[in-house]
Amino acid sequence: MADDLLTGYRQSIDNIDAALIHMLAERFKVTQAVGRHKATHGLPAADPGREERQIARLRHLAAEAQLDPEFSEKFLRFIIDEVIRHHERLAHDPV
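Sequential numbering of the sequence shown, starting at 1, is according to the UniProt record's numbering.
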């Protein structure tokens, strides 16, 4: 017998997970455009200054939202590393 409250929580989690996937997809569409722009203009794939500013900004937002800033940084670094990998690939093979 399913617990209705638990089922409701799980449905909310499923909806949030779907929203996260769609938001990540949109983010990567934009970062792909950035990567093409960088490749076209001979700009470096990574921008360490921007990355550090973003991490600091998002750590602050995480703390305000009562989310562990360490977790948020790990999550953002994972995304940044993937974006840089895409930008490096575009730099070698612009589409």
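Some hints here could point you the wrong way.
What the hints assert, rightly or not - Pair by pair, the computed Cβ-Cβ distance ranges are: (1) F75 x D14: 38 to 46 Å; (2) I13 x E82: 22 to 30 Å; (3) D4 x P44: 52 to 60 Å.
Just so you know, these hints were derived from the structure itself, not from any lab. By construction, the Cβ of each residue, glycine as well, lies at the ideal position given by its N, Cα and C atoms.
Now the hints, each set against the structure:
A C-beta distance of roughly 19 Å is found between F75 and D14, which places it outside the suggested range of 38 to 46 Å. Distance hint check: the CB atoms of I13 and E82 are about 24 Å apart, consistent with the given range 22 to 30 Å. One distance hint, 52 to 60 Å for the beta-carbon pair D4 and P44, holds here, with the actual separation near 53 Å.
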